[in-house]
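For the sequence shown, the working numbering assigns the number 94 to the initial residue and increments by one for each residue that follows.
No wet-lab data here; the hints were simulated from the structure.
Nothing here was measured: the structure is a model prediction, and the numbers come from that model.
Don't take each hint at face value.
[Unchecked claim] Derived DSS-like pairs: lysine-lysine, alpha-carbon spacing no greater than 27 Å straight-line: (1) Lys584 - Lys519; (2) Lys524 - Lys568; (3) Lys385 - Lys359; (4) Lys524 - Lys183; (5) Lys183 - Lys496; (6) Lys311 - Lys359; (7) Lys589 - Lys519; (8) Lys551 - Lys498; (9) Lys311 - Lys183; (10) Lys682 - Lys730; (11) Lys745 - Lys682; (12) Lys519 - Lys496; (13) Lys745 - Lys484; (14) Lys183 - Lys568; (15) Lys687 - Lys730; (16) Lys355 - Lys385; (17) Lys264 - Lys311; (18) Lys394 - Lys357; (19) Lys537 - Lys524; (20) Lys496 - Lys158; (21) Lys503 - Lys537; (22) Lys258 - Lys283.
[Claimed, not checked] Taking CB as the label site, the calculated pair distances span: (23) Arg770 - Thr187: 32 to 42 Å; (24) Gln501 - Gln565: 43 to 53 Å; (25) Glu325 - Ser404: 15 to 25 Å; (26) Ile270 - Ala374: 34 to 44 Å; (27) Gln274 - Gln565: 57 to 67 Å; (28) Pro522 - Ile98: 38 to 48 Å; (29) Glu325 - Gln729: 55 to 65 Å; (30) Leu106 - Asp609: 17 to 27 Å.
Even glycine gets a Cβ: it sits at the ideal position worked out from N, Cα and C.
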Amino acid sequence: MKEDIRRQVIDILRKGEELPAEWARELFPPEKREYELVYYDKLREEDIQAETMSVPLQLSRTFGKVDETWHNRLIFGDNLQAMKTLLAMKEEGTLVNSDGSSGVRLVYIDPPFATRQEFRGNKDQLAYQDKIAGSRFVEFLRRRLVLLHRLLADNGALYVHLDTKKLHYMKVILDEIFGEQNFRNEIIWKRQSAHNDSNQCGAIHDTILFYTKSASWKWNEILVAPSPDYVEQFFDCVEEGTNRRYARGDLTAGGLSGGGYKYKFKGITRVWRCPPETMRAHDAADRLHWPKDEDGVPRLKRFLDEFEGVSLQDVWTDLRVIHNRSSERVDYPTQKPEALLDRIIRASTGEGDIVLDGFVGSGTSLAVAEKLNRRWVGIDCGKLAMYTVQKRMLNLRSQIGDKGKPLQPKPFALYNAGLYDFSSLKQLPWKDWRFFALQLFGCKDEPHSIGGITLDGKLKGASVLVFNHHAQPGKRIDEETVHDIHSHIGKAVGRKFFIIAPRGTFDYQQDYLDFDGVRYYALRIPYSFINELHQRQFLALQQPSDESAVNATVDAVGFDFIQPPTVDWIAAIGTGHGKLLEEACIEVKQFESKARVRGTEQRGGIETLSMILMDCNYNGEAFDLDLFFFADELKQKGTKRQAWFPAERLGKKVMVVFMDIYGNEAAEVIEASRFIRSSKSTKKSGASASVKGKSNK
Numbered sequence: 094m095k096e097d098i099r100r101q102v103i104d105i106l107r108k109g110e111e112l113p114a115e116w117a118r119e120l121f122p123p124e125k126r127e128y129e130l131v132y133y134d135k136l137r138e139e140d141i142q143a144e145t146m147s148v149p150l151q152l153s154r155t156f157g158k159v160d161e162t163w164h165n166r167l168i169f170g171d172n173l174q175a176m177k178t179l180l181a182m183k184e185e186g187t188l189v190n191s192d193g194s195s196g197v198r199l200v201y202i203d204p205p206f207a208t209r210q211e212f213r214g215n216k217d218q219l220a221y222q223d224k225i226a227g228s229r230f231v232e233f234l235r236r237r238l239v240l241l242h243r244l245l246a247d248n249g250a251l252y253v254h255l256d257t258k259k260l261h262y263m264k265v266i267l268d269e270i271f272g273e274q275n276f277r278n279e280i281i282w283k284r285q286s287a288h289n290d291s292n293q294c295g296a297i298h299d300t301i302l303f304y305t306k307s308a309s310w311k312w313n314e315i316l317v318a319p320s321p322d323y324v325e326q327f328f329d330c331v332e333e334g335t336n337r338r339y340a341r342g343d344l345t346a347g348g349l350s351g352g353g354y355k356y357k358f359k360g361i362t363r364v365w366r367c368p369p370e371t372m373r374a375h376d377a378a379d380r381l382h383w384p385k386d387e388d389g390v391p392r393l394k395r396f397l398d399e400f401e402g403v404s405l406q407d408v409w410t411d412l413r414v415i416h417n418r419s420s421e422r423v424d425y426p427t428q429k430p431e432a433l434l435d436r437i438i439r440a441s442t443g444e445g446d447i448v449l450d451g452f453v454g455s456g457t458s459l460a461v462a463e464k465l466n467r468r469w470v471g472i473d474c475g476k477l478a479m480y481t482v483q484k485r486m487l488n489l490r491s492q493i494g495d496k497g498k499p500l501q502p503k504p505f506a507l508y509n510a511g512l513y514d515f516s517s518l519k520q521l522p523w524k525d526w527r528f529f530a531l532q533l534f535g536c537k538d539e540p541h542s543i544g545g546i547t548l549d550g551k552l553k554g555a556s557v558l559v560f561n562h563h564a565q566p567g568k569r570i571d572e573e574t575v576h577d578i579h580s581h582i583g584k585a586v587g588r589k590f591f592i593i594a595p596r597g598t599f600d601y602q603q604d605y606l607d608f609d610g611v612r613y614y615a616l617r618i619p620y621s622f623i624n625e626l627h628q629r630q631f632l633a634l635q636q637p638s639d640e641s642a643v644n645a646t647v648d649a650v651g652f653d654f655i656q657p658p659t660v661d662w663i664a665a666i667g668t669g670h671g672k673l674l675e676e677a678c679i680e681v682k683q684f685e686s687k688a689r690v691r692g693t694e695q696r697g698g699i700e701t702l703s704m705i706l707m708d709c710n711y712n713g714e715a716f717d718l719d720l721f722f723f724a725d726e727l728k729q730k731g732t733k734r735q736a737w738f739p740a741e742r743l744g745k746k747v748m749v750v751f752m753d754i755y756g757n758e759a760a761e762v763i764e765a766s767r768f769i770r771s772s773k774s775t776k777k778s779g780a781s782a783s784v785k786g787k788s789n790k
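Modelling step: build the complete structure from the supplied sequences, incorporating the hints.
Shown next as structure tokens:
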């Protein structure tokens, strides 16, 4: 240990303060590995755990009557911060599988591949082009894998879906985190039949790396239909009279563990696999194949129509991909087929086990988990993913591939993790408000008293007071209030003290006040950034404005509060868009985002519009996504933006969600009668209204 650090450690311990987290490496050096992947800005696992904020989950919407003991969860937010919160739930005993094991039984993730390769989407545009390359992507994914390893049950399994560009790096990273001894399979999934890649072999497969947390894991035998080549090779005989194909099974017991039965059958003496009575039964049922060669030893007929299948291998070529007419298609870029997740979930879980998908996307894993009677948690940083999954879960069909009878999903809840609705937060009962406030700023729930004042917790060793605005309605916190607190606790509190309260409660603008060497911080809710509290600047959950960025990696830090944008819009029907059939149009005349990012208000105009989402036949209850338009694909008329769609899609009511690039929403329910008809264009319709800043939630 360095001498200067040693002296500081002694000094801090004498004062009874907590040591900085960044000194853990000096005090507790990690084990030396035989090998590891080294690159710039690679954090130690301990630092990942320490530096990741645990952002509380705010309930946004429930679908069905949820059980407080357990209910399925769909979480909007950065998955790294949400995972830190799920770890706390695991420690509390909330995440428990059917066998009583604590944690998540199965993790499946299909992260952005960071290939900089262009894929075609449903609208012949780029499905995505990842924005983080090289070591930045490797570390982005590694930090999440570190927390996922801790979230897994001891007998749990992890499946990581990758392409070939970063596969070799991630294999080394996974060996570091899970241990090479816990690597199970490199699964090859043939995702298409052919691909035209000039001057090289066509890339037609993805890779799924399968790891377990320990040497003991859950595995269910999966049998799959044999391939035509397998049938041709092994089921090479056809029974006369029935035309049934069969394979020839060995009836002798040579090399059979445990021995066999030695006797003579129809003049042939051998050590057989079955007793004489069984052999006679096979003969009576015409189940014996008598070869024409010299040995004449009978074989057992194993008919193809009775064959249950072959054991699952690590090359999967039998799963159909999603095409334009697939019943399960939801028009979400990079959607994976349900059959793929059905195989993974059935192999590594049982009914009642918990499945976690940290990059939930279109929600295939959750849909399959629901059909297989598993419990689930899904996380994504994209609002489009949230609405896509919501629609999908409310319109499930019982069979894999989205076929069969309609399936009513078990109750589930939608949560925010990092972007919060302050109006509903403030209305929470005191107990819940106190808990949320402590969690929001990463404080320990540690009640204690100093100078006769009851305090609520600790933040980096310093005391925290959560102001009870319920017990003192209308009470303000001014400099005199802080001075009064100081007069009671004095320097006994140390050098820092934190006060958490609603932003409007404070009567001063400074982030902190100093009295006799003690700094009193004002932690305002809502507030996005206190410079001296966090080692990393807060980064917002930015939403895409074109399809190419739907699956871009997002590394959000901290939390923010909902600030709905203001929108002026026009609704009309006409044929002025160069179409023969009538089309409906939502025209955005003006758009203003008022989001707070990194603690300061960020106002922006039409350039901050991310997308428009529509439920064309809104039932007055749940938003059921029918259409979505990225900002970059809207027709432009000067500073205006127009979303055109077939007029026949209109129901009695249309719900329209206007979203800014930070995930803030303004929603409006529009009666079909308010779509003014025009023979030319919306420009002369004159039907306009102002959308107020309220969410559809």
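Failing hints, ascending?
The structure conflicts with hints 1, 5, 6, 8, 12, 14, 21, 23, 26, although it agrees with all the remaining ones.
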